[in-house]
Amino acid sequence: MDSITLIRDFLKDRLGVEAEKIVPEAALADLGVDSLMMLELMFEFEDHFGIKLSPDLKPPQTVGEMTAQMDQLVSQQKG
Amino acid sequence: MQRRVAITGLGLVSPFGGDLADFFSRLMAGESAIRHLLTDDLPRPLSIPFVSCPAFDPEATLGKPLASMMDRFAQLGMAAAFAAWDDCGLPRAAADGSARDGWGVAWGTALGGTLAYEKGYRELWQKGRERLSPLAVILGMNNAANAHISIQLGLGGVSMSHTVACASSAIAIGEAFRRVRSGEATIMVTGGSDVPQAYGVARAWEALRVMAPGDAETSPFACRPFAGNRRGLVLGEGGAALVLEDWDHAVARGARIHGEIVGYGTSCDHTHLVRPEAAGQIRALNATLADAGLTADDIDHINAHGTATAEGDPVEVAALKAVFGKRAAHLPVSATKSMHGHLLGAAGAIEAIATVLALREQAVPPTANLGGQVDPACLGVDHVIEGRHKLSLRAALSNSFAFGGSNAVLAFRAVS
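Just so you know, the sequences run in chain order A and B. Just so you know, the first sequence maps onto residues 13 to 91 in this note's numbering. Just so you know, the second sequence maps onto residues 1289 to 1704 in this note's numbering.
Just to be clear, a hint being listed does not mean it is correct.
Unchecked claim - Listed next, with one range per pair, are the computed distances between beta-carbon atoms:
1. A/68 x B/1561: 20 to 30 Å
2. B/1415 x A/63: 29 to 39 Å
3. A/84 x B/1504: 52 to 62 Å
Claimed, not checked - A short list of chain B residues far from chain A (calculated; beta carbon distances all over 12 Å):
4. 1305
5. 1309
6. 1347
7. 1352
8. 1353
9. 1357
10. 1417
11. 1421
12. 1422
13. 1506
14. 1534
15. 1536
16. 1539
17. 1543
18. 1599
19. 1613
Hints in this document: simulated from the structure, not taken from any laboratory. Even glycine gets a Cβ: it sits at the ideal position worked out from N, Cα and C.
Okay, chain A solo, but in the shape it has when bound (with noise of 0.2 Å):
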């Protein structure tokens, strides 16, 4: 599974968004991301993909710069 499909199936399971609307341009706050379910996201990044995400990470304002941050992180951590 790569990102964008883990923040379509996560958005779609919990909030009930559909797939069309999670594209890289989107705010994750107007797709219905607070801070707790940001929490969640990365929470299931982590498990999904084994890798650690620092308490000091930046979070991600859109899904566009989701991806790019995790799919960086997988490959720091696990290339």
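We have chain A; now place chain B onto it with these hints.
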């Protein structure tokens, strides 16, 4: 100056699956919602009589985003509160949010989010995981239900939870009543919710040896308060809510008034954690009558605590006989737990609703499974064997007596 307090909203997640009218009509008919619970996904199968809310669909009722942020106890509580709020006739969203700054919530739960905690413990202990979901704390916390209710209805006053075992929601209702009566709040949403089917919780209750046995055939009749052949209590999940409102405020906006809450008294046995004492219950009953400005002669019905335990039922009858004297023999007493089960933190609330509906409908539901076999130790009050209609009920009490020795009694008056 003390204000009168109207009950303008009633709401519950009915174990029968229907609305309030359906709930009360089934109680009047002596119908049991108790079924056999047999699990197959646990370390060892759980096989107990139980009351669940199988028709309750949290996502359909609350919407997926809200439901996903809640443990089931908060989902049941939120659904009941929405139902009560809709019943009171006010919009869920305030046109002017500031109008609700002093309105609040007082909620009862004996257990809180035990399903969420148990799920987390399984992750840690069984699966050996290092971490829990970031939502674990907010799903499990005991004040989750009242917090969600305050947020969803925009209530900016007090938001508090009461954890007093089986008296949790009776005490929540009483404390909410006092806030409105004193003028501190114009409206309070109150009630309770609980979900005792977490594996560890159910096993803990089994260990106390107070749970009635039952299988698929016998479970509907497993809870037999005051009966000579009673075998213990039956647990259940549920949520029940009331909207308490300043009387003049309710009248001014033309609200439907289901009944009036007029008194609340509490006490502690201060003797034993689980063995009830009549003296403590008598203090709570007398405190409630005094608080309401009523005498024993003014009371026409009792919704008993009546759990069907060996020790509890005779003590409650002894307390009623002490307070009501000769009148006790003519005082209709109903233990509706025989039909909707013991909802722990929601028990006081669902029984308060049953009591208010009895006064409103001028009809008293029965204690199910009691025909012709009252325990001699429980004689001395007018046990209601079959539902009674077309009565002249003026006021009624609802008893809630908890492990820990905490007692709470609520007094309600019919609207003439």
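Tested hints:
1. A/68 x B/1561: 20 to 30 Å: violated (48 Å)
2. B/1415 x A/63: 29 to 39 Å: Between residue 1415 of chain B and residue 63 of chain A, where Cβ atoms are some 19 Å apart, the hint is violated.
3. A/84 x B/1504: 52 to 62 Å: holds (57 Å)
4. 1305: holds (24 Å)
5. 1309: At roughly 32 Å from the nearest Cβ of chain A, residue 1309 of chain B sits farther out than 12 Å, so the non-interface label holds.
6. 1347: violated (8 Å)
7. 1352: violated (4 Å)
8. 1353: violated (5 Å)
9. 1357: violated (7 Å)
10. 1417: It is violated; residue 1417 of chain B is separated from chain A by about 9 Å at its closest Cβ, not greater than 12 Å.
11. 1421: Non-interface label on residue 1421 of chain B violated, nearest chain A Cβ at 6 Å vs cutoff 12 Å.
12. 1422: Since the minimum Cβ distance to chain A is about 4 Å, residue 1422 of chain B lies within 12 Å and the statement is violated.
13. 1506: holds (40 Å)
14. 1534: holds (35 Å)
15. 1536: holds (39 Å)
16. 1539: Nearest chain A Cβ is 40 Å from residue 1539 of chain B, so the label holds.
17. 1543: Correct as stated: the minimum Cβ-Cβ distance to chain A is 34 Å, above 12 Å.
18. 1599: The assertion about residue 1599 of chain B holds, with a minimum of 45 Å to chain A.
19. 1613: With a cut-off of 12 Å, residue 1613 of chain B remains clear of chain A, as the shortest Cβ separation is near 57 Å.
Hints 1, 2, 6, 7, 8, 9, 10, 11 and 12 from the list above are not met by this structure, while the remaining hints are.
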